[in-house]
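*Asks:* Here is how the chains run, residue by residue.
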Amino acid sequence: MASSSKPSFGRQNVGRRNFLKGTATGAAALAAGVKPARAQQSEPARSATAAVATQEKDPSPSVEVLTADHPGSDFMVDVIKALGFDYIFANPGSSFRGLHESVVNYGGNKSPEFLTCCHEESSVAMAHGYAKIEGKPTCVLAHGTVGLQHASMAIYNAYVDRVPVFMIIGNTLDAATRRPGVEWAHSVQDAAILVRDFTKWDDAPVSLQHFAESAVRAYKMAMTPPTMPVLLVADGDLQESPMRERPHIPKITLASPPQGDSGAVAQAARMLVDAENPVIVADRCARTPQGLKALIELAETLGAPVINQYGRMNFPSAHRLNQTERSRALIANADVILGLEVWDFWGTINNLRDQVQRTTRPLTKPNTKMIAISATDLNTKSNYQDFQRFPDLDVSMAADSEATLPALTEACKRLLTGDRKRNFEDRASKLAEARQQARERLRTEASYAWDASPISTARMAMEIWAQIKDKDWSLVSNNAWPQRLWSFDKHYQYIGGAGGAGVGYGAPAALGAAVANKKYGRLSINIQNDGDLMYAPGVLWTSAHHSIPLLSVMHNNRAYHQEVMHLQRMANRHQRGITTAEIGTTIKNPNIDYAAMARSMGVHGEGPITDPKDLAPALKRALEVVARGEPALVDVVTQPR
Amino acid sequence: MRLFLIAFITIALFAQAPAPAGNAQNGRKLFESYGCYQCHGREAQGGLGTGPRLGPKPLPFVAVQKYLRQPTGQMPPYTAKVVSDKDVTDIYAFLQSVKQPPPVKDIPLLNN
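Top line first, the protein sequences correspond to chains X and W.
Heads up: the first sequence at position 425 corresponds to 1160 in this note's numbering, and the numbers run straight through without jumps.
Heads up: the second sequence at position 5 corresponds to 11 in this note's numbering, and the numbers run straight through without jumps.
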């Protein structure tokens, strides 16, 4: 806050519509701005509110001020620019109209650029995908009420996925200044409470100085592992009231990520070096080029297999120590398991049968030692139960895995002897051989139903791969066959899944990731589930309107297929109606023409394609469009999975 | 190793029992309508993370039927109350009728 000897440039107690600026009135308002609220109550006759109210009854055109040169929202844009946001993803909303206008006119609609979204859930999911490519959050604007309600599922996904998103929501707290009608419906006492269970931090600043400090604090907290969404409320009065003096924007210094305790690192290193069959399981671990390099170095130092659970890119798919396809056998034979940001450690080492009796059994040997490194331990909330079942661990580090890997690798190297090195190299050679056999089996499996219609998902994946493999590509969706058959080796080539498994993430997250990839000239590929697209088809329009190069290939199985399987399970369990699982779970009759839908929103559309022979030509045509900087969609009617 | 031997012997014993003749065309329809395709693919090719490939060259009939009735893994049970033995026979005939794909070496896209 400004000192008491200066005028207050924070929240004015003069509402935006009531701000009348005659010389005397302005002075009164300014003085009132620094007066404690209690004093105002005891001296109502001298309060600015009273002065304004008197004039409001009989406004004189000669003194009524209808313009404001420096609204608070301009300063908010200064803060947003200082935080380095390239984009704002938003559906427009009156509760942040001041900020919106400042972004476009005061800020020049550049860094950040306002990208028009058709739903707040899409805005947040786009920011989710963007952050996974760019490694930093971008900004989302939304109404504090209806917008945030729309956005909430996407915020939950980002929270579970431990991805930073920076939300600013509009609200008008002062009831005395709200417009009658809709603005009341769009106002809320405590806006953030709706999502407080699944955001890391929020605040509702009451002055511009407060806004600046909270914005920097929020950014820093969002970026400190475990990274998560944060939220600020931009009060309507604060946005639209004039600013008299520019508050200070604090220096933005990010916290270094938490690294594992040196004693625990040394203990883990000793266990790993002594192990005969260590296994490294990586989930939301390596998200940067340095992270990939660090995980490779640890695996190669130990000659240990890596199982990729695909929460992030983590590990090159073609590396000889990538043993993901042999996960079950390796876990069963392991004497030490190192889990790196593993979301479900218990589920990794145990099996639960989804039958009437939910029986469990361990997948490991009785004396297998468990080491976990996870930043999630530093910030876990109680209400939403995404933290999974509690595993038996021998070493647990509440730390960022990626930041801890170099120290762990160095600790392992210090313990190496010549014998161990030779042992590890032998192990790595055997693993490489087993990996090659597993890969051959996969290629054989991919060949089944190769010419089928509906088209097999393996065929679709390999038709795409044939077109993109020599380009600088980025897969901005979460799909099974590409993970197994394509060659991934860069951190931006894979972004993981939704986190909370909330459907409606896929299409906007892919677009957000494509926005991030655009400036690097990368080719973004999205294998798009049909049910997911129907949650947020407006992203097609957004991609065309803003010329975002993105190839979307529909995995169109005409169903919410996971739910088809769940319903089948219930019918079988109840021994009745096993032919009715498609009721309420499929998306057919009529079949949706996604290519036509894309074209209706300005996106190049191909399909529906049912003959695999038609796929390559369609992909080539679509890629020509994407090469020109525009989006394209190829609708492929596929096998279920 | 012991488990492997038991499995091998069991399969070998099952393999000696010939599969009853079924109607493959009807079996394909049942494979769809009973929801088998959901996890195993419409051509029984299997699905990553959902269910293994079932054809061509399915496991011995007795083993398939036994597992169908009393699965030991994640698969939901198909009891005799909802799938008759005749239906199982037809479905099995369909699995036997699934054509072998071309060799991997003859599929250029799988050799990239």
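It should be emphasised that the hints constitute simulated quantities derived from the structure, not laboratory data.
Be aware that a few hints might be false.
With a straight-line cut-off of 20 Å between C-alpha atoms, the simulated SDA-like cross-links for lysine to any residue are [stated by the list, open to error]:
hint, chain 1, residue 1, chain 2, residue 2
1, X, K1348, W, Q106
2, X, K1104, X, A1146
3, W, K87, X, G1312
4, X, K1116, X, G916
5, X, K1355, W, P114
6, W, K87, X, H1309
7, W, K87, W, Y73
8, X, K1156, X, A1167
9, W, K111, X, R1170
10, X, K1165, X, P1347
11, W, K35, X, T1315
12, X, K1104, X, S1131
13, W, K92, W, S39
14, W, K105, X, K1100
15, X, K1225, X, G1237
16, X, K1348, W, P109
17, W, K87, X, M1305
18, X, K1225, X, Y1045
19, W, K105, X, R1178
20, W, K111, X, L1177
21, W, K72, X, L1177
22, W, K63, X, K1348
23, X, K1156, X, D1009
24, X, K1100, X, L1087
*Asks:* Each hint needs a verdict: does it hold in this structure or not?
*Replies:* Hints and how they fare:
no.: 1; hint: X/K1348 to W/Q106; verdict: holds (19 Å)
no.: 2; hint: X/K1104 to X/A1146; verdict: holds (18 Å)
no.: 3; hint: W/K87 to X/G1312; verdict: holds (11 Å)
no.: 4; hint: X/K1116 to X/G916; verdict: violated (37 Å)
no.: 5; hint: X/K1355 to W/P114; verdict: holds (17 Å)
no.: 6; hint: W/K87 to X/H1309; verdict: holds (10 Å)
no.: 7; hint: W/K87 to W/Y73; verdict: holds (15 Å)
no.: 8; hint: X/K1156 to X/A1167; verdict: holds (16 Å)
no.: 9; hint: W/K111 to X/R1170; verdict: holds (19 Å)
no.: 10; hint: X/K1165 to X/P1347; verdict: violated (38 Å)
no.: 11; hint: W/K35 to X/T1315; verdict: holds (14 Å)
no.: 12; hint: X/K1104 to X/S1131; verdict: holds (11 Å)
no.: 13; hint: W/K92 to W/S39; verdict: holds (15 Å)
no.: 14; hint: W/K105 to X/K1100; verdict: violated (40 Å)
no.: 15; hint: X/K1225 to X/G1237; verdict: violated (27 Å)
no.: 16; hint: X/K1348 to W/P109; verdict: holds (18 Å)
no.: 17; hint: W/K87 to X/M1305; verdict: holds (15 Å)
no.: 18; hint: X/K1225 to X/Y1045; verdict: holds (14 Å)
no.: 19; hint: W/K105 to X/R1178; verdict: holds (17 Å)
no.: 20; hint: W/K111 to X/L1177; verdict: holds (13 Å)
no.: 21; hint: W/K72 to X/L1177; verdict: violated (27 Å)
no.: 22; hint: W/K63 to X/K1348; verdict: violated (27 Å)
no.: 23; hint: X/K1156 to X/D1009; verdict: holds (11 Å)
no.: 24; hint: X/K1100 to X/L1087; verdict: holds (16 Å)
Checked against the numbered hints above, the structure violates hints 4, 10, 14, 15, 21, 22; every other hint is satisfied.
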